[in-house]
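*Asks:* Same order as they appear, the protein sequences are chains A and B. Here the numbering used here is used: the first residue of the first sequence is 1, the next is one more, and so on. Here the numbering used here is used: the first residue of the second sequence is 1, the next is one more, and so on.
It is possible that part of the hints are untrue.
To be verified - A short, non-exhaustive set of chain A residues, derived as facing chain B with CB atoms under 7 Å: (1) L20; (2) R37; (3) G318; (4) T320; (5) S321; (6) S434; (7) P516; (8) L524.
It should be emphasised that the hints constitute simulated quantities derived from the structure, not laboratory data. Because the structure is a prediction, the values reported are computed rather than measured. Idealized CB from N, CA, C, for every residue including glycine.
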Amino acid sequence: MNGFPWLTVAGAIPLAGALLLALVPATPADGAEADRRAREQLVKALALVFSLAALAVVIVIAVRFNVSGPDFQFTESYSWIPQFGVHYALGVDGIALVLIGMTAVLMPVVILASWHDVPAAARHSVKTYFALMLVLETMMIGVFAATDVFLFYVFFEAMLIPMYFMIGSYGTGPRQYAAVKFLLYSLLGGLLMLVAVIALYVQATRSAATGFHGSFLFSELVHVSLSPAVQKWLFLGFFIAFAIKAPLWPFHTWLPDAAASAQPGAAVLMLGVMDKVGTFGMIRYCLELFPAAARYFTPLILTLAVIAILYGAIVAIGQTSLKRLIGYTSISHFGFIALGIFAMTTQGQSGATFYMVNHGFATGALFILAGFLIARRGSDRIADYGGVQKVAPLLAGLFLVSGLAGLSLPGLSTFVSEFLVLVGTFTRYKVAASFATAGIILASIYILWMYQRTMTGPVRDEVAGMPDLRPRELWAVAPLVALIIATGVYPKPVLDIINPAVRATMTQIHVTDPAPPHPAPAYLNNTTAYLKTAHPAAAQKGILP
Amino acid sequence: MTMTTLAATGALRYSWLLLAFPVFGAAVLLAGGRRTDRWGHLLGVAMPLAAFVYGLVAFFTLLGYPAAERGRELHMYSWIPVGSFQVNIGLLLDPLSISFVLLITGVGSLIHIYSVGYMATDAERRKFFGYLNLFIAAMLLLVLADNYLALYAGWEGVGLASYLLIGFWSFKPSAAVAAKKAFIVNRVGDAGLSVAVMLMFAEFGTVSFGGVFHSARSGGSGVATALGLLLLLGACGKSAQVPLQSWLLDAMEGPTPVSALIHAATMVTAGVYLLVRSNPILALSSTAQLAVTVVGAVTLLWGAIIGCAKDDIKKSLAGSTMSQIGYMTLGAGLGPAGYVFAIAHLLAHGFFKAGLFLGAGSVMHAMDDEVNMRRYGGLARYMPVTFVTFGLGYLAIIGFPPLSGFFTKDGIIAAAWDKGGTSGALLATCAIIGAGLTAFYMTRMMLMTFFGKPRWQEAGPRGGAEPRTGQPQPEPHMAGGSGGSSPRASTAALHPHESPGVMIWPMILLAVGSIGAGAFLITGQRFQSFLSPVVGVPPVSHGVFTTAGYITLALMAAGIVIAWAMYGRVPVPATAPRGSLITNAARRDLYGDAFNEAVLMRPGQWLTRLSVYFDGRGIDGLVNTTAAAIGGTSGRTRRVQTGFVRSYALLMFAGAGLLVAALLVVRL
């Protein structure tokens, strides 16, 4: 199955870019200001070009992906550490593909948006910052594409390092505290997962499914049968790591600090992409490797998810800082994603997967715009704004659209995913879904109140001279907003990619959707079929399609 | 249902144009930005007009079919296909939806035209038209959708348009707050509708109208009751029915054409549309029907009482809107006896209430944006056309024979009367008392505005509760961010004048509707037979004059006389007198806001503060304390932190070493 290694190429391009950036010589200490500027400009342009090249490759992959083909496509597999059955194995199903797509789209956006984010006085150079971003992209593509659990673990841990430096060295406020907290939490989860990975390998060596050789290949591990007790422990090892990463209540407290201290671009990569590894891991590894344990823990996880939805929203309402507010809304959104995954219905899981993508775009756009605001005003406090709409209507308008995506307005992609999660949950767990629905009311409060306090009212003196979006900034955000609208009006192409993967997951975990007690005849759901059935005579006369 | 649904053929195949026109307008005007300022309003007017013309074509095409074949569906595309959840975007053209299409595009076009004049001096007129077109598009999707989820998309879409337009002058904090409040209160209702859609899918495996109505019968009354109540919750939000009524009065912060179009003629009636559209579900649950009628009866009195006490002309009209929609809701809960009157009243109300609002806007235009009726008086002489059109709207709404309201509102009252039993008697009593109150507050409004001595000269400095600085002004540009403290000389002499033609003509056309719509629809059971394939036939049919009708007329006369005694016979004081207990309650919206504040907002704020505190001190505090305890003193913690990357690398190595060791152990 080793055709052209598309996935490796997609992942290698940013890494190559990072290396190239590292080769750009640093400015000599006595270098002229103009020289320094020119080099920085070159570095940024190179970073942008490489991220766009990666995006181009990912687009090719998406176009060539066959929705009715095998579950995993673009597979590559090379033996890496043969003694232990470790493989460099890549491949994507629909779920991984859309997440890689989201990563590749967000990267150039973030690079454009972060153009001036490296403070002049920072210890590290501009080129390191952008090189770190590109390295991070490689890791993130790798983590989604890995089909070997060991490889997944390596990427999962390794991606912490660039993010740690991006927050700790380039952040604002108590950035060291935030970075260490971020790392400590992730480390704790990573170690738990490491133990589970080892134990899984041990189990695999005893299983006929791997020929008693032991393996880390996902495709072989899914066939390893585990005793219920072992399943539960291993499930917890993986799940806690993912719940910290996602993050799920009550493992969330690192997130607001990290989001508030990171530069907006870094925060977008963290909230939008890195944290999705957690929810991606839940659906790929927790469910498929340990289906019985997943079913066992479902009530607990659903409860945590509903708490996260409501709690994150309520705490978001009470925030006084823009970045922390958006951070807390994400906790609410991750609750929705976890809810959809563990509702164990086709709608819930497709919705959750689509939610991961949409959240990346919507929260990404919102955070980037908040960053533009903060850069202009020099303050993160909501109370320092007011009347921006009057002086910067374009900025305010896009901020509103992104905010409306945050509250899942129909017509925007986030509505599709959120409703799928809710309806998918409702068919199995009516009470949980009904509580979660209260989240849509709370979302309207935190978004619109934030908008009211920052954008409306009389123009404050401090914002009076605020310039509207510059072309670079518009180019960064407009594609995201366009995608949010386009896939909200016509989400079918994305859903078509996700659905087969979700179907395969459902089959793997032996769960079927609950059947409606009073089903309507299928033809009533489809206008054309309905009309033909209801009016056979008319159909013959050609009145019907 | 006696109607069957066929594919949209012939001219109806292009009914997607109904959505495409306003969507195009909104997209061009909002994305085009300032470049479209010069001609934006023209495009803005052209789009709903084009939709109206097509709507007429579609209407006559439908009329050309036999009654049983007037349901036509147009499949547009597959929207959300996931497993058994298959939702399409499709349009259903039938007598019910086409009635709404004509109302929305017809009255909508008139109000667009009026706005050209009303917003002439507003620097952001182009954006205003963009939002209005967006509203038209969403509202048409709401009424044309062939399934509940697409309806929901339109439902929230009109909520967005309403939010944007209430907050159009959002540099005024009051407008920004009112917009947010409207959206949030609506979201409570939306959550109900949203759960209803989920319940439909869970029970019936579909959300299409056809499938849901088909299976509801086998679903039993329990499911039907739950669905009915959830849909009612949705309707309460959108249609400002008790207990979700509080946003509508604040919504008057929006420009007056918005109040006319969205908060009187169309959007706020969407709840009634939802209930009538769902008539096969309501038919299965007498509990749900009773709840609908109770909400309607309570709201029609609630709104009327508020209307009696307000001195702000727009807020008084808003109370009236609430009350009139209460009548429609009442009608929608009465089964086939009430549906046709509910919708007929809705259409007639669309004419006369839009006309009344446009008249109010015309008065405000003339009075330098004063809204306090105590500072009006004697305007009939200065604004004859506004006076006459407003007067016709007045006669229509109080149900003066033979104007529109007489036919449509009395139909609802008679249907309640016919219901019989205790509930029927109570409902009819409420509705009749409401008619008397309507006559009172509308007469009061007429007298205070158009009759008596002019009070605007003697009033002195303007102390109006709501200075509307964003409204059309002599200056070409609005006072920007400094809104709220208008520099205009408040004592400048007023010279009331008639509004320009572009504003007058829409008012005249709406007045024609106020006169004739009711008679046209009701006499000869024209509308009843048109609508019956969708909503069924009333069980009892009687002439125009009924016992209930005579009582209603008597109370109407009493209302007029009392109002005249209080506001016509004696001069109106320019400042509001202290008023009785009930007047004061009504002035404060019957304490609706106070209730929300005490029961929802305050506890909500406490919960928020508590949660924020808990999050910082509780969970995070626990983690930090543990970390500090492990690390020992804070100094050591810091040392650990600064050298952390090294430690981390070390731990990674240790982890990898552990892994290798374990692997070796297993292999050996």
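*Asks:* So which of the earlier hints does this model not fit?
*Replies:* As far as the earlier hints go, 1, 2, 4 and 5 are violated by this structure, in ascending order.
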